[in-house]
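So my numbering is basically just the index in the sequence shown, starting at one, shifted up by 20.
Derived from the structure by calculation, the hints contain no laboratory data. The beta carbon of each residue, even a glycine, is placed where N, CA and C say it ideally should be. One or more of the hints may lead you astray.
Said to hold, decoys possible - Simulated DEER-style distance windows between Cβ atoms: (1) T187 <-> A274: 44 to 54 Å; (2) T39 <-> S285: 49 to 59 Å; (3) A90 <-> A234: 42 to 52 Å; (4) Q159 <-> A95: 24 to 34 Å; (5) Q69 <-> L246: 17 to 27 Å; (6) Q244 <-> E81: 37 to 47 Å.
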Amino acid sequence: MPTTPQAHRDRRIVEQITTWFAREARDLPWRRADCSPWGVLVSEVMLQQTPVVRVEPVWHEWMRRWPSPADLAGADQADAVRAWGRLGYPRRAKRLWECARALVEHHGGEVPSDEERLLALPGIGAYTAAAVAAFAYGQRSVVLDTNVRRVIGRAWEARALPPLHQTVGERERAAALVPHDATAAVRWAAGSMELGALVCTARAPRCDECPIAADCAWLAAGAQGLDAAPRRVQPWHGTDRQVRGRIMALLRAAHAPVTVGGHASLEDIEPGQLDSCLDSLVDDGLVRPVDAQRGTYAL
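Just need the whole structure built from these sequences, with the hints factored in.
Shown next, in the form of structure tokens:
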């Protein structure tokens, strides 16, 4: 079957991105040949909604302490949450600990290579399963995170930013772009993610440095839509998320139960909000009440 002009263009753009990636890729520890599948999985969970510069030192510390799933499974959940530090979204630490226990119980302490079994693990969604299959095992898979969605949306659809929720059409478009050769598919997955993270960024894309600028549909259409796009401004000070973070920081620093109510570091928080945030942390399994009468809690 003859190659269509669209298929030729698709292949050209994919090759341009993978060539750029071979030259410009950051040297990250989870990309190195000696990184275990467990190290890749840990990195993918840590990198969710968290920049590389914050993740890398914590990842190194985790891999030093728990170089295998069995090592983490043998630790207490509180140790995992405490070691998570200030990465944010500490439920990820709990889920990683649960994942390690599931790997030991059901997979002999090894990270499975197929996406179906990865998806059955605690805290592992479609993106993470595809990323581990690709980056840990060199398999052909559709690795579709926000960065990749943004690159594809701009280069192929002339869309400034991807929709809030992933669509069936997006996934079909992304799947059609993945090279058939597994090695090339992995390079495309990593390269398109890197391009979105470093060059084709959400608010300030560096189009003059982009390897596919000449082929980008969004740039050809005038690069419109960034100013009109809604900005996702998330308030922080005084929110429940901030209060939860302050409670977690207090308990992480302590090696004994803490009387949270009335603690000097939390005295500016309205009692009702403090109580509701404590209850939510207990419900999430991150915090446990030790003495109800005294109001003491621990990780």
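The hints, checked one at a time:
1. T187 <-> A274: 44 to 54 Å: Since the Cβ atoms of T187 and A274 sit about 46 Å apart, the hinted range of 44 to 54 Å holds.
2. T39 <-> S285: 49 to 59 Å: holds (52 Å)
3. A90 <-> A234: 42 to 52 Å: holds (50 Å)
4. Q159 <-> A95: 24 to 34 Å: holds (30 Å)
5. Q69 <-> L246: 17 to 27 Å: Given about 21 Å between the Cβ atoms, the range holds.
6. Q244 <-> E81: 37 to 47 Å: holds (44 Å)
No hint from the list above goes unmet by this structure.
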